[in-house]
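Colleague: Based on the provided sequences and hints, a complete structural model is requested.
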Amino acid sequence: MIAAMTRVVSGALTPFEEVYADNADAVFRFCVSQLRDQDVAEDVASDVFAAAFAAYQRVHPEPDGVRTWLFRIARNAVIDQYRREGRRRSLVSRIGHAREFPSSVEEDAEQRSDLRSICGAIEMLQERDRQLVGLRVAGGLSYAEVAAVLNMREGAARMATHRALEHVRASLRADP
Amino acid sequence: MSDQDHRDLSVAFEELRAPRATADYADRVARIKATDTVYPHRWPQAVATILAVVVALAGAGTFLALRSARQGGTATTTGYPAARAGAAMAYDSTAGVTVMYGGMSTAGSPLADTWLWNGTGWAQSYGASPGRLVGIHMSDDPADGGVLLLGLLEPQVQNGSAGCAVGIPSTIVPGGSAGASPGGSDAPANPMPRSSGGSPAPAAAPPPPGSSPVASSVASPAPTAPPSPGVAPSPGVVPPSGPPDAVCPVAPVPQISPVQTWLFTGNGWHRVGSTSKPSNGPDTPSLSQLAYDGATGQVVAVSSPSAGWTGYPPCGPPLAAGSGQAQPAIVCPVAGSNGSSSSAPPLVPSCAPQAPACGVPCRQAAVRSDGCPTFGGSLSTWTWFHGAWTERRGAIVPLTGASAVVFADSGSDHAMLVTQSIPNTACSLACPEPATVPAAQATASYSWTGTAWNSLAISSVTNQGGPQLGGASVAAAKGQALVFTGDAQLWSWATGQRQWSRQTASGQPGGRTGVALAEGPSGSIVLFGGIGIAPLGSTGAVVAGGVPGADTWTWKGGVWQFVTGAVPSAAAIPSGCSDVRTYGNPCTNPTHLPVPVPQATGAPLPQVTAGGPPLPSPPLPSPPSGA
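The listed protein sequences correspond, in order, to chains A and B. Per numbering that gives the first Met the number 0, the first sequence starts with residue 0, numbered consecutively. Per numbering that gives the first Met the number 0, the second sequence starts with residue 0, numbered consecutively.
Think of the hints as simulated: they come from the structure by calculation, not from any bench. Backbone N, C-alpha and C define an ideal beta-carbon position, used for all residues, glycine too. A few of these clues could be false.
As the list claims (entries may be wrong) - Each pair of labels, with its calculated beta carbon distance range:
(1) 62(A) to 557(B): 21 to 29 Å
(2) 104(B) to 38(A): 46 to 54 Å
(3) 451(B) to 122(A): 24 to 32 Å
(4) 392(B) to 173(A): 37 to 45 Å
(5) 118(B) to 13(A): 16 to 24 Å
Said to hold, decoys possible - Heads up, incomplete: computed chain A residues facing chain B, CB under 8 Å, no partners named:
(6) 63
(7) 68
(8) 75
(9) 119
(10) 136
Modeller: Quick look at the structure:
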C-alpha cells in the first residue's frame, strides 16, 4: 500500500522501461557517432541509462522532456569518455585494435563502410559541432531538442548544425 | 537548412540497434535500484511516508502537502526556504533541478539546509549534510553526476580569549610573501590560521605542522593584548613599530578548518576529495568561485590570495555569494589611524545587533609597510577532475582590481573568467583613501583552455560599461551569462560579440547582495534571497546591513517574474555618516577606528581594546512582512 501511495503522490511518471525502449537505440547511435567505437559506445550508453534510472524519480522529467534530459546525460557521458580516451587508446595500441564496425555479414559491408566514413568525418569536427551532428543525425533529435540539450537557442542550433553538416559532407567528398 | 537536411547521413545510423548487453545492464541496474527504492533505509523517509499514509487514510485533503517521495535515494519535502543571504546555488544538469545550500540566516548564523528548485516550487532535501559551511560556492558537475560545493566549517570565534587578538595589522616587508602556502610562490596564499582535520581546533592550539603561515593582519598580537599563542608572524611580516593603529578593536582570529569539498547527488551530500592539504583544494574559499568547463569536464576554481575577506566575519553582512569580495561598508568621517585628525573615511562594517560582541571584523588584506592594504596580486586557478583538486600553476591571472567572476559560458562550453579593476586614480593605494571611487570597469576576460586562461579581446563597447562585479552574482543558461549586481542591474554576456549588454525589465528584484543565482530548469534563471542594500546617490554607492530576504524570482525570456517570499530590506544610513563606499570597492582601509560622528580637529579618539564594548551598529529595520 505504501508503494501504491508513493506512486500516487509522485504523480504520473512514464515507466522507465518505456523510456528505455523509446530511446535506447537513439542514445546508442549518438554514442557511436561521438565515440566511433561500438564497444565503447555500448558501455557509455549503458552508463547513460544507469545514471538516468538513478535520477529518474528524483528528476521526475516531464514526458516531453525525457528525451532531452537523456541526451544531456549522454552528452556528459561522452565528454567523460573522451577524458578516458587517452588511456584507452594506449591500452588498445598494446593489445590490438578494438572492434569498431565489424562487417562479418557481407551485405552489411557497404553500410558499415558508410557509417565508418561518416563517423570519421564527424570525429574531425570541433567538439560542439560533433555534438550537434551527433544529436541531429544519429540521435534523431529535432532542432528544438538539440538546442535544449546543448543549452543554446534553436535558431543558433539550426545554423550551427547546418554548417557542421556541410563540413561533414565536404570531408566525405574529399575522402570518399 | 530544412529539417530533412540530415537524412542522407542519418540512413547510415538507422541499422544500429542498442546491443542486448546494454539492455541487460540497464535492467540489472534497474532491479538493484528498484529494491533500494521500495525499502528505504533512512528513517526520515520512512516516517514521512507513514505520515502521508496516515493522513490520507484520515481523509485529510492536506496529505498531498505532507508528501514525501523518494527522489533518487534522498527524501524531500515540499516547503519553502527561510530567508538567507550568501547561499550557494547551482543547476544540477544531471538531475534537472537547481540545488541551493546554506547561506546566512536572518540571525547571522550559517544554515546547513539543502533545497531543490524544480522550476515551479521548492522542496527540501534531507539526508547527509555538509554541516554549517561558510565561504561557500557551488557548481554544476555533470562529470560526477551532481553539484560540487566548496566551503569551510564555521570558524569558532571566541571573544576575549586566545581566539581573539587585537587586530593590529602587521606590516609586510616589501617583497615579502606573507601567507604564502608551502606549495610554492605561486600557490594561493593562506592568510588564515588553520586547524588540522575537519573540526575547529582549540582556540590556543598552535598551527599544525604543514599548515600555512598565518595572515598578516591578524597574525600579530597588539601590544595592548596578550599575544595569541595560536598565531605567529609569517615570514616576511614584521611587527608594526610605534604606536599601533587603534583599529579593528577586537579583531577575531577565527579558527578555520581546511577547505572542504562536497558532492550532491541523488543520494545526498558526500564529502569528496582528500582531506589533507594541499590536495584538499583551493585555499581561500571565500574567493574560490567555481564554474564547470564543459569542454574538459573540469570544475574550475579561481581564488585570490590577496584581497577580500579571508575568514568569516562574525558580524556584518554575510559573504557575497557571487564574488566573495569586499562587503558593502558604511563609511563615516573619522580621525586618522595615527591619532591625528583626518578626513579619511574609515571602514565601519555594519554589525547586526545579535552578532557576537567580538568587535568589528577586519578585512585580512595584506598590509604594506605604510599601512595601506595591498591589492592586486594574482588569481590562482584550481581544477577539480576525477575526485581531486589540481592547482594550475601556469594559469596565473594578474588581478589588478578586486573583483572577478567565473561562470560556465554555454556559448563556448568553456569556463569564463572576467576580472575587473578599479581605475588607478581610485585605488592607488593612497592613504587616506580617496573620498569618491570611480566605477570599476570590466577590463579582462579569459576563457579556460583546460590548463590555462586564454585572454579574450573585449570589444571597445564593453569597456565603456559593464556590470560592477563586486558583490554581484552570476549565472549562465541558454547561451548567455547573466550578472546581477548589488545595485540591481542585470547584465548579459554574449560570447560571440564579447561584450556586456545591460538588460532592463520592469518589476525586477531590488538592490541586494549575497544573492543566490543559478540556472533553473528549462533555461531559466532563478534568484533567491540576498541581503538588502540601499542605493545612495547617483554613483551606485550602497549601504549594507539590511535584512536577508526569502523571495524567489525567475528570469526567462527577458522577463523577471516574482514567485513568492519576503523581499530583503536595506538598513538605514546611520546618523553622522555622510559617505559610503562604492559597493565592492577594495579600497577600504581596515586600519581606522570606526567613529560614527565627525569630530573637531584635536578631539580625542575613543580607545577600544580587546574585550571592549561593542561598537555602535546601524539600526536594523524590521523584517519585511512579505513581498
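Colleague: Next step is simple, just say for each hint if it's right about the structure.
Modeller: Each hint, compared with the structure:
{"no.": "1", "hint": "62(A) to 557(B): 21 to 29 Å", "in the structure": "holds (28 Å)"}
{"no.": "2", "hint": "104(B) to 38(A): 46 to 54 Å", "in the structure": "holds (53 Å)"}
{"no.": "3", "hint": "451(B) to 122(A): 24 to 32 Å", "in the structure": "holds (25 Å)"}
{"no.": "4", "hint": "392(B) to 173(A): 37 to 45 Å", "in the structure": "holds (42 Å)"}
{"no.": "5", "hint": "118(B) to 13(A): 16 to 24 Å", "in the structure": "holds (18 Å)"}
{"no.": "6", "hint": "63", "in the structure": "violated (11 Å)"}
{"no.": "7", "hint": "68", "in the structure": "holds (6 Å)"}
{"no.": "8", "hint": "75", "in the structure": "holds (4 Å)"}
{"no.": "9", "hint": "119", "in the structure": "violated (11 Å)"}
{"no.": "10", "hint": "136", "in the structure": "holds (5 Å)"}
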